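Asker: The primary structure of each chain is shown beneath.
Number of protein chains: 2
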Amino acid sequence: MDQILRIQMGGAAGPTAKTEPVGAYAGMGGRALTSTLVAQEVPPTCHPLGAENKLVIAPGLLSGSAAAMSGRISVGCKSPLTGGIKEANSGGQAAQVLARLGYAAIVLEGKPADDTLYRVLVNQHGVKIEPDNSLRMLGNYDTVEKMKALFGDKIATISIGQAGEMKLSGASVAFSDMELRPTRHAGRGGVGAVMGAKGIKVIVLDDAGMPMRSPADPEKFKAANKAFVAGLRQHPVTGEGLPKYGTDVLINVLNEAGALPTHNFTWGRFDGAAKVSGETMAETEIARGGKATHGCHRGCVIRCSGTYVDKDGQFVSKQPEYETVWAHGPNCGIDDLDAIAALDRLDDDFGLDTIEMGATIAVAMEAGLAKFGDAQAAIKMVKEVGKGTPLGRILGSGAAVTGRVFGVERVPVVKGQAMPAYDPRGVQGQGVTYATTPMGADHTAGYAVTANILGVGGSVNPLKPEGQIELSRNLQIATAAIDSTGMCLFIAFAILDQPETFQALLDVINTFTGLQLTAADVTALGKSVLTKERAFNAAAGFTSKDDRLPDYFKKEALAPHNVTFQVSDEELDQVFNW
Amino acid sequence: MDQILRIQMGGAAGPTAKTEPVGAYAGMGGRALTSTLVAQEVPPTCHPLGAENKLVIAPGLLSGSAAAMSGRISVGCKSPLTGGIKEANSGGQAAQVLARLGYAAIVLEGKPADDTLYRVLVNQHGVKIEPDNSLRMLGNYDTVEKMKALFGDKIATISIGQAGEMKLSGASVAFSDMELRPTRHAGRGGVGAVMGAKGIKVIVLDDAGMPMRSPADPEKFKAANKAFVAGLRQHPVTGEGLPKYGTDVLINVLNEAGALPTHNFTWGRFDGAAKVSGETMAETEIARGGKATHGCHRGCVIRCSGTYVDKDGQFVSKQPEYETVWAHGPNCGIDDLDAIAALDRLDDDFGLDTIEMGATIAVAMEAGLAKFGDAQAAIKMVKEVGKGTPLGRILGSGAAVTGRVFGVERVPVVKGQAMPAYDPRGVQGQGVTYATTPMGADHTAGYAVTANILGVGGSVNPLKPEGQIELSRNLQIATAAIDSTGMCLFIAFAILDQPETFQALLDVINTFTGLQLTAADVTALGKSVLTKERAFNAAAGFTSKDDRLPDYFKKEALAPHNVTFQVSDEELDQVFNW
Numbered sequence: 001m002d003q004i005l006r007i008q009m010g011g012a013a014g015p016t017a018k019t020e021p022v023g024a025y026a027g028m029g030g031r032a033l034t035s036t037l038v039a040q041e042v043p044p045t046c047h048p049l050g051a052e053n054k055l056v057i058a059p060g061l062l063s064g065s066a067a068a069m070s071g072r073i074s075v076g077c078k079s080p081l082t083g084g085i086k087e088a089n090s091g092g093q094a095a096q097v098l099a100r101l102g103y104a105a106i107v108l109e110g111k112p113a114d115d116t117l118y119r120v121l122v123n124q125h126g127v128k129i130e131p132d133n134s135l136r137m138l139g140n141y142d143t144v145e146k147m148k149a150l151f152g153d154k155i156a157t158i159s160i161g162q163a164g165e166m167k168l169s170g171a172s173v174a175f176s177d178m179e180l181r182p183t184r185h186a187g188r189g190g191v192g193a194v195m196g197a198k199g200i201k202v203i204v205l206d207d208a209g210m211p212m213r214s215p216a217d218p219e220k221f222k223a224a225n226k227a228f229v230a231g232l233r234q235h236p237v238t239g240e241g242l243p244k245y246g247t248d249v250l251i252n253v254l255n256e257a258g259a260l261p262t263h264n265f266t267w268g269r270f271d272g273a274a275k276v277s278g279e280t281m282a283e284t285e286i287a288r289g290g291k292a293t294h295g296c297h298r299g300c301v302i303r304c305s306g307t308y309v310d311k312d313g314q315f316v317s318k319q320p321e322y323e324t325v326w327a328h329g330p331n332c333g334i335d336d337l338d339a340i341a342a343l344d345r346l347d348d349d350f351g352l353d354t355i356e357m358g359a360t361i362a363v364a365m366e367a368g369l370a371k372f373g374d375a376q377a378a379i380k381m382v383k384e385v386g387k388g389t390p391l392g393r394i395l396g397s398g399a400a401v402t403g404r405v406f407g408v409e410r411v412p413v414v415k416g417q418a419m420p421a422y423d424p425r426g427v428q429g430q431g432v433t434y435a436t437t438p439m440g441a442d443h444t445a446g447y448a449v450t451a452n453i454l455g456v457g458g459s460v461n462p463l464k465p466e467g468q469i470e471l472s473r474n475l476q477i478a479t480a481a482i483d484s485t486g487m488c489l490f491i492a493f494a495i496l497d498q499p500e501t502f503q504a505l506l507d508v509i510n511t512f513t514g515l516q517l518t519a520a521d522v523t524a525l526g527k528s529v530l531t532k533e534r535a536f537n538a539a540a541g542f543t544s545k546d547d548r549l550p551d552y553f554k555k556e557a558l559a560p561h562n563v564t565f566q567v568s569d570e571e572l573d574q575v576f577n578w
Numbered sequence: 001m002d003q004i005l006r007i008q009m010g011g012a013a014g015p016t017a018k019t020e021p022v023g024a025y026a027g028m029g030g031r032a033l034t035s036t037l038v039a040q041e042v043p044p045t046c047h048p049l050g051a052e053n054k055l056v057i058a059p060g061l062l063s064g065s066a067a068a069m070s071g072r073i074s075v076g077c078k079s080p081l082t083g084g085i086k087e088a089n090s091g092g093q094a095a096q097v098l099a100r101l102g103y104a105a106i107v108l109e110g111k112p113a114d115d116t117l118y119r120v121l122v123n124q125h126g127v128k129i130e131p132d133n134s135l136r137m138l139g140n141y142d143t144v145e146k147m148k149a150l151f152g153d154k155i156a157t158i159s160i161g162q163a164g165e166m167k168l169s170g171a172s173v174a175f176s177d178m179e180l181r182p183t184r185h186a187g188r189g190g191v192g193a194v195m196g197a198k199g200i201k202v203i204v205l206d207d208a209g210m211p212m213r214s215p216a217d218p219e220k221f222k223a224a225n226k227a228f229v230a231g232l233r234q235h236p237v238t239g240e241g242l243p244k245y246g247t248d249v250l251i252n253v254l255n256e257a258g259a260l261p262t263h264n265f266t267w268g269r270f271d272g273a274a275k276v277s278g279e280t281m282a283e284t285e286i287a288r289g290g291k292a293t294h295g296c297h298r299g300c301v302i303r304c305s306g307t308y309v310d311k312d313g314q315f316v317s318k319q320p321e322y323e324t325v326w327a328h329g330p331n332c333g334i335d336d337l338d339a340i341a342a343l344d345r346l347d348d349d350f351g352l353d354t355i356e357m358g359a360t361i362a363v364a365m366e367a368g369l370a371k372f373g374d375a376q377a378a379i380k381m382v383k384e385v386g387k388g389t390p391l392g393r394i395l396g397s398g399a400a401v402t403g404r405v406f407g408v409e410r411v412p413v414v415k416g417q418a419m420p421a422y423d424p425r426g427v428q429g430q431g432v433t434y435a436t437t438p439m440g441a442d443h444t445a446g447y448a449v450t451a452n453i454l455g456v457g458g459s460v461n462p463l464k465p466e467g468q469i470e471l472s473r474n475l476q477i478a479t480a481a482i483d484s485t486g487m488c489l490f491i492a493f494a495i496l497d498q499p500e501t502f503q504a505l506l507d508v509i510n511t512f513t514g515l516q517l518t519a520a521d522v523t524a525l526g527k528s529v530l531t532k533e534r535a536f537n538a539a540a541g542f543t544s545k546d547d548r549l550p551d552y553f554k555k556e557a558l559a560p561h562n563v564t565f566q567v568s569d570e571e572l573d574q575v576f577n578w
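Protein chains in written order, with this note's numbering: chain A, 1 to 578; chain B, 1 to 578.
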């Protein structure tokens, strides 16, 4: 992992690949690497689809090793959706494979002279970039099938669907999972549009012949990893709730808390919640012969993903995540799991962020394009995106554009990015994260649901402003650090609650890398990542006015608790004043 | 003119009207009044289509008097297009009529409970607000015909077309002209969408029984006005060029200068320029029985407007202005005056900003939706807006949204508003104005074409950065003041070149109002308006990063002079450092 692969698409004689030493980016992984490289090399005021933007794909510091949970990958760029810096994070196989191939990052640069579509093969022999216009306007599923036919089934893929090719701001980058299906996505911020603007349809990774990365101290590493895994298995969230029901276990929890955004963030509870809960989904999957427990990448011990099959047992999609179920379900008034799974499959195939799409369809419903609860209308709308009709292009551009085009006032976005599945009035710490993270509304950037709702890492009243700033701040710092390790964010539950598991994580990192990181170093890393990201955004023109929720969250009270967002602007401005 | 009419649309029992003394806004007219009121009463971070935004319609300080050229009207609000403060300015009859009715402004406030459409009648007896859903989705022409049938032909109208009803960011507010046609528009910034969000389709003004406003010193006023008119008649631009050929006289001038933006700002010259020049248009109009010389409001002595008729002598539209001819002509590669007039008519009828629409269609052509030069395709696209199809809604939302939805990088906007008919590389002073005016790219805000191209008010090399900051600064200050008087901006040519005409203007103002304004007071007024506007924008989240042209103007050289935009960011930041 001591090399960076740069693919220059703007050369006069076509694309070229260059492998160079990791240099100044040494010791960085994941989000630390993507955000540092973007901050360093991309002009903050450039056009996100232009030659000067770069798409950085970086596995974590521990990816490609035997460390449990280390298979996350970061995708960074200037975002076409927010206009600010972006790191979108995904599971899937690519992180492990890319790391084993020796790359700390792939950087896509420049602007192609024409609209030829390219595929890239990276294996032990090097890099091959070839035009392949036969891939044009294929979905991710067909694209991966074609790659399988060409390169066998031991590969991992990084691809875009129709949405990325059309450079829509809701486009994702898809990563194949262990079954070689394009089900894991760096969804947020339109990173797929930047890949589309570079003219690359798919990157095929083949690590045949490459060994697993070896630790600095193999014995101690093994012991530390064992303790780390034991800690994850011991915590109720990572040891029981997530494996058994998947992330969708949160439907009942958030509904009970009165913070499940329903009908475009109008209410905090959904009548049909039980029908789309994780419990119902797991039961349905098991009864039909799908899988309720399954890992999204090699080395996962939480195994919160699954397989959703139809009534005949045929594969439909991966088990939709909580945020997807919420986005296409309660937020649109839809209580039909089969429809939600069909929407998840369409999103994955077209290469769309499920959160942005669900939020967008709810805005379209508020505009009167369809009735809340009309699942078939929702499916029809997402299909429009795949076809690239004008309506499809509007919707694929996300909630903010859709609200603008249809004259809707209630559009739940921050920095142009749609809010995920936690109403900021019902989980006020989450509201602080939405408002202030450099990423635009993003739940993972500082997941205050922990202390606000789950009682993990302490307890802070979700309906009051007190304590939310500190909570969000600490979580944002920790998250920026975790997103740099390649570790799945879900390890946070165990390391927040169990000091010995946090120590085990440090030991895993140190015995693998040979470093001597302390808790203070981890905090410093998180702060340094956030500082770089905020500096980029400021240079792009962001101010404190961008660190705000839309006004209506401060005015419209959310049932059932009848509470507005209570954290003041002055408090919000203190989040990064550490 | 000592009253403000406030129409509150958000009342529980429906809309209400309240007339109140002008109070703290006394002595202000036009842009000074709209910008002061918006800055004072509208929260900068509110949603432009929400209850808190206000639409302010204000005649100028001298409107309704016998002062020549005093018939301009200002429309102000928070702009749905730019997100900042907006003043859009129009000719037509309303300024004179509204001022004679005694109103310094009409302010539309609040948010209606449902989508009932209203018409408002203002006459000597007061104000009447009535629901009239029979007007729904009518064009401005049909709307005015209906008002004529109801209220006779001595009225003046302020209305929106389909675009305003749909709350599209490209929507204008239409003002009827002397022939009671809705041909004069406050076009820029989506002010029509704000009127649409207030649920008001049309305001009918009837000044029957109301006298002309009388001057403080009638004798001296008469003399001053005479000297002022003589000055206007004596200047070659206002005395000859504009009356004879209309504003479109600029096509040949800008083409010659190599600054006529062609094919979406790709080149500075257009092969078909002669076919769409003011000279050709005047010739065509006269030959067909139209009018090449005509005033847009009572009291106009420049008479730069006209009437465009078809081959059979039937009225098509008012004589399209230079910026309209450019937008729908050279910028889209179209050299057919009949097609351009048809587009002008469609824009006026649907209630769309012609500049934004032409710029948008060129962006759509760059996206591949039609070929440059295809006039029928352009007409078809504008018709989509009137129909409210998804494509129409995209286009009606302006160039920035269209660029975003279709993934186009070369989008000529500043603060989200499309650039008008002067390439900022070929007229660099104009580029400074586009970049820095609080209005978003706007040529009228500081019309540096004067000294850059026309040799009016001095001479500054249009292709070099030297002197442009000072030029734009002085023009922006003067314009903010003139836009507050109700005077047509075209008086600027004569007052810049002829000190005695500037003195005559001061005399007109002072003898009418009884004030003792000096040139220094005019400058102070202009500065104070700009300061309020910039403070509003800063509070809405604008920074110096918003005072920039898109990057590509600094990188792509413009033929035939092969020059990029040369004014540095540091210089741009000095414009308001007076």
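Among the hints, erroneous ones may be present.
Just so you know, same-sequence chains aren't split out, so a pair can sit in one copy or run between any two.
Below are the DSS-like pairs computed for lysine-lysine, each with C-alpha atoms no more than 25 angstroms apart in a straight line [as the list claims (entries may be wrong)]:
no., residue 1, residue 2
1, K111, K555
2, K371, K387
3, K111, K371
4, K464, K380
5, K554, K111
6, K244, K554
7, K532, K244
8, K545, K532
9, K291, K275
10, K311, K275
Just so you know, these hints were derived from the structure itself, not from any lab. Note that the coordinates shown come from a computational prediction; the quantities given were computed from them, not determined experimentally.
Asker: For each hint, tell me whether it holds in the structure or not.
Answerer: A quick look at each hint next to the structure:
| no. | hint | verdict |
| --- | --- | --- |
| 1 | K111 - K555 | between (45 angstroms within a copy, 15 angstroms between copies) |
| 2 | K371 - K387 | both (22 angstroms within a copy, 22 angstroms between copies) |
| 3 | K111 - K371 | between (42 angstroms within a copy, 23 angstroms between copies) |
| 4 | K464 - K380 | neither (40 angstroms within a copy, 54 angstroms between copies) |
| 5 | K554 - K111 | between (43 angstroms within a copy, 17 angstroms between copies) |
| 6 | K244 - K554 | neither (37 angstroms within a copy, 57 angstroms between copies) |
| 7 | K532 - K244 | neither (38 angstroms within a copy, 59 angstroms between copies) |
| 8 | K545 - K532 | both (19 angstroms within a copy, 18 angstroms between copies) |
| 9 | K291 - K275 | within (18 angstroms within a copy, 70 angstroms between copies) |
| 10 | K311 - K275 | within (16 angstroms within a copy, 67 angstroms between copies) |
Violated hints, listed in ascending order, are 4, 6, 7; each of the other numbered hints is respected by the structure.
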